[in-house]
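Asks: Let's have the full structure, built from the sequences with the hints guiding it.
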Amino acid sequence: MRHTSQSSSIAPTLIEPQKRMPAWRLWVPLLLQTAIVLAAPAQPLYTNLTGKTVVLKTVPVDPYDFLRGYSQTLSYDISRQENLRSLPGWKGLVKQHLEAKATDLPPSVPPLNSLPTGIRFYVILEAPAAKTNSPQAWKPVRVSSKMPKSLPANQIALKGKSSGNSIDYGLESYYMPEARRDEINQEINQAQSSRQRQAIVVEAKVDAQGRAVPISFWVSDRRYRF
29 MRHTSQSSSI
39 APTLIEPQKR
49 MPAWRLWVPL
59 LLQTAIVLAA
69 PAQPLYTNLT
79 GKTVVLKTVP
89 VDPYDFLRGY
99 SQTLSYDISR
109 QENLRSLPGW
119 KGLVKQHLEA
129 KATDLPPSVP
139 PLNSLPTGIR
149 FYVILEAPAA
159 KTNSPQAWKP
169 VRVSSKMPKS
179 LPANQIALKG
189 KSSGNSIDYG
199 LESYYMPEAR
209 RDEINQEINQ
219 AQSSRQRQAI
229 VVEAKVDAQG
239 RAVPISFWVS
249 DRRYRF
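Under my numbering, the first residue of the sequence shown is numbered 29, with each subsequent residue one higher.
These are computed hints drawn from the structure, not numbers from a lab.
Computed from a predicted structure; not experimentally measured.
Be aware that a few hints might be false.
To be verified - List of simulated lysine-lysine pairs, BS3-like, C-alpha gap at most 30 Å:
(1) Lys189 <-> Lys85
(2) Lys159 <-> Lys233
(3) Lys80 <-> Lys187
As the list claims (entries may be wrong) - Quick list of the computed label-pair ranges, beta carbon to beta carbon:
(4) Pro156 <-> Ser103: 16 to 24 Å
(5) Ala207 <-> Asn182: 17 to 25 Å
(6) Ser178 <-> Leu77: 19 to 27 Å
(7) Ala207 <-> Thr145: 37 to 45 Å
(8) Asn217 <-> Ala181: 15 to 23 Å
(9) Ser162 <-> Ser201: 17 to 25 Å
Think of the CB as a built atom: it goes at the ideal place given N, C-alpha and C, for glycine as much as any other residue.
Replies: Right, here's the structure in full:
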């Protein structure tokens, strides 16, 4: 009986060289992250450089913010919805966002006259006619759901967002320099405690898109820059 042996041959396996990751996969995400980081300060800088100066009447409300140091939280006359309800355009703005909801209410419930949270719109402000040594607050004259295409030279559109019963404009906080904290607080307290309460106003820059940044605020006849 003859025994036969078969020899099996194993073909060599080719190992392909590992492909290198394209360079764009590294620098594209890096560029996107850089753009996001730079965009945050770029918008306020653009508004500061190109914006128009407006003056808003305000009252300080909250004296301390633990996250960012000593501050004043500011509330404006135009921050309260009740102060805007008599303006032209308000009823139409509310109707636009609440018409469907209002039809579900029983007849005994009065028509709703407040904006729900999160609605963005524009408050049109008009400069005072009289010129004085200290800045005078601009007067709200109407509201609009869209940015007006054209406005007179003495008017500006300020973008706001409804938040409960108030309106936020991105101008609600002033962070005090540590060295002047006591001085500023003393000035504010004196202005608010006097028999004739003296107005506290904020100067802000508003750009063509209605975005605003605070520039300075006045307590009596003294100006403090942001």
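Asks: Run through the hints listed earlier and report the numbers of any the structure violates, in increasing order.
Replies: Numbers 5, 8, in rising order.
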